[in-house]
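Number of protein chains: 2
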Amino acid sequence: MALKFEIVAQRGKARAGLLHTAHGAIETPVFMPVGTLGTVKGMTKDELCAPPIDAKIILGNTYHLFLRPGLEVIDSHGGLHEFANWKRPMLTDSGGFQVFSLAGLNNIDEDGVTFRNHLSGDKIRLTPKISMEIQRSLGADIAMAFDQCPAADGDRDSHLLAMEKTTRWAKICRDVKMRDYQSIFGIFQGGIDVDLRLRHLAEITDLDFPGYAIGGLSVGESTEDMYRILDAVAHRMPEDKPRYLMGVGTPDNLRHGVEAGVDMFDCVMPTRNARNGNLFTSRGVVRIKQAQYKTDKSALDPECPCSTCTDYTKAYLAHLYRCREILFSRLATMHNLTYYAQHMKRLRKKIIDG
Amino acid sequence: MALKFEIVAQRGKARAGLLHTAHGAIETPVFMPVGTLGTVKGMTKDELCAPPIDAKIILGNTYHLFLRPGLEVIDSHGGLHEFANWKRPMLTDSGGFQVFSLAGLNNIDEDGVTFRNHLSGDKIRLTPKISMEIQRSLGADIAMAFDQCPAADGDRDSHLLAMEKTTRWAKICRDVKMRDYQSIFGIFQGGIDVDLRLRHLAEITDLDFPGYAIGGLSVGESTEDMYRILDAVAHRMPEDKPRYLMGVGTPDNLRHGVEAGVDMFDCVMPTRNARNGNLFTSRGVVRIKQAQYKTDKSALDPECPCSTCTDYTKAYLAHLYRCREILFSRLATMHNLTYYAQHMKRLRKKIIDG
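Chains as they are written, first to last, in this note's numbering: chain A, 258 to 611; chain B, 258 to 611.
Please keep in mind that the hints were generated in silico from the structure rather than gathered at the bench.
If chains are identical, the list can't say which one is meant, so a pair holds when it fits in one copy or spans any two.
Straight-line alpha carbon distances no greater than 27 Å define the calculated DSSO-like cross-link-like pairs of lysine-lysine that follow:
| hint | residue 1 | residue 2 |
| --- | --- | --- |
| 1 | K270 | K607 |
| 2 | K261 | K607 |
| 3 | K380 | K546 |
| 4 | K498 | K261 |
| 5 | K344 | K551 |
Hey, can you work out the whole structure from these sequences and the hints?
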């Protein structure tokens, strides 16, 4: 098997692990920065790999990369690792979520989805097999099964239909021959209904993937509902396989997820919020556009080791933000990713220290 | 005197020198990256200070910084060095050029200029004394006298008037008490008329500044005219003082300027062109938006030591450019500033090697 997962410590339902891949080991619980288009926006690979961020794995978006630059360019480089010159582990999503959320005029049938490219308007077809083939070209260490994520406010029948389709598609995905070092994670759905969640988890688990993901959360449900589902299902996912909560979330969400037994997370929140001027700090979120920061000579977060906090004042950051300077996005992203990295490090340490 | 200039080698009219300032020594000839708003767009100070860019001095724009973040914020930090956490030498322009080129509804009188802030529309007054006071607040090692840069296509009378005013204003600037470590450079005008240039150079030289700048070039005249003026006047500027050619230019312009006897240059060209996808290389300018680069797996410039060229392919850069990714601006700026730095290094070496 391409992937090896070992649990090094447990505390309640929370686990600290090591996920070994062909591109290196990942300490879990881990937060994966999102590199939608082959770049974690504003950051170089060197910054991402150096402390204090020291990202062990990043995520690429299959849908976005399929549209731009397209497979011809990525294939010619040998894959996304080579194209982006990222030497550490990577994970790609299946494109399913973007198809349902971004692309227009979706036509979901039994075998896949036909949709319009959100850039050119061209018709594109995505099926479980095509998604896996694209992900094989991308060549990430972890590829995700192509699932159907139903609308958050869908009725029970829509969830049942999505589950049925997702299971059928998962089988197809599982049987696609990937690169030797690639592993496919299965995704289960079920909305915010614990029974449906457990039923679908059992179905997907039966297919025997090297890792499993909770899909369809953080899609509009309340935090209470999300936590209720996490508390009921995360620890029931296979113990010896990595557990991945997709698209989540705030630092509090991550803590709750870890406590419920989740090992892996991804979310655009730290990077997107950074660019929008919302900065996570040990004293709460700083909205740098607020007038009070215009003359604030203190560091953004005196407890943060990142260069944004050690080198600059809030007033300087506020100035860059107001002037829409590129450097703001860099410094803010550097800080928010550091905050998330430190947060995960602390959570892991707590599990190991017992 | 705050500034000390020594010439270490000469070859024809070209000089290699060392300009000593309170914030460190600058090897000349030197190109100064432009940091309009207290940031060289997209770059951190660490990147600018590390090889291969290793910028010994950067420029700040008085007009832009006066509007944003304004003097209250910069004063509270103690100056622009502290605000931007830039520990090496800095130079600020006088704001004059921006007032004439950017600000609307100018009203130039005998004592200064009244204009509308190009952001808010507010009326603002700038005089030689106010410009120097703002530059004192900014605290750059080198401040520039407040001059009047006449229109490129102005008639002889408009140049004579600008010269007369610039001389009168230069006296006022010279007598403003700056910080102990600050030096003021005088600027001479005269358009593309050699006689006017030499006449005004003599007037400004009489005022005894620690350095002199050629203003009013690269404002629309032909390259031929620019070179004709440089060839006629640069070597006639005081030998023992640094000679600064403002707002110039292309790599060829810099070479010609150095050969004519100029020591210092600044221009937005490498940084602005970078963001627009025009990249200087040893094999000519690469316009990264051209279709041919979409699948080009070669380095941008195989002879360039910057991380953009050692780490990425043209296809990756073309992809980032097409997706308007922030990382493109960073990588492109890193490269173009490296190209300029290497160019100046080579020119200096040629002078020293004889």
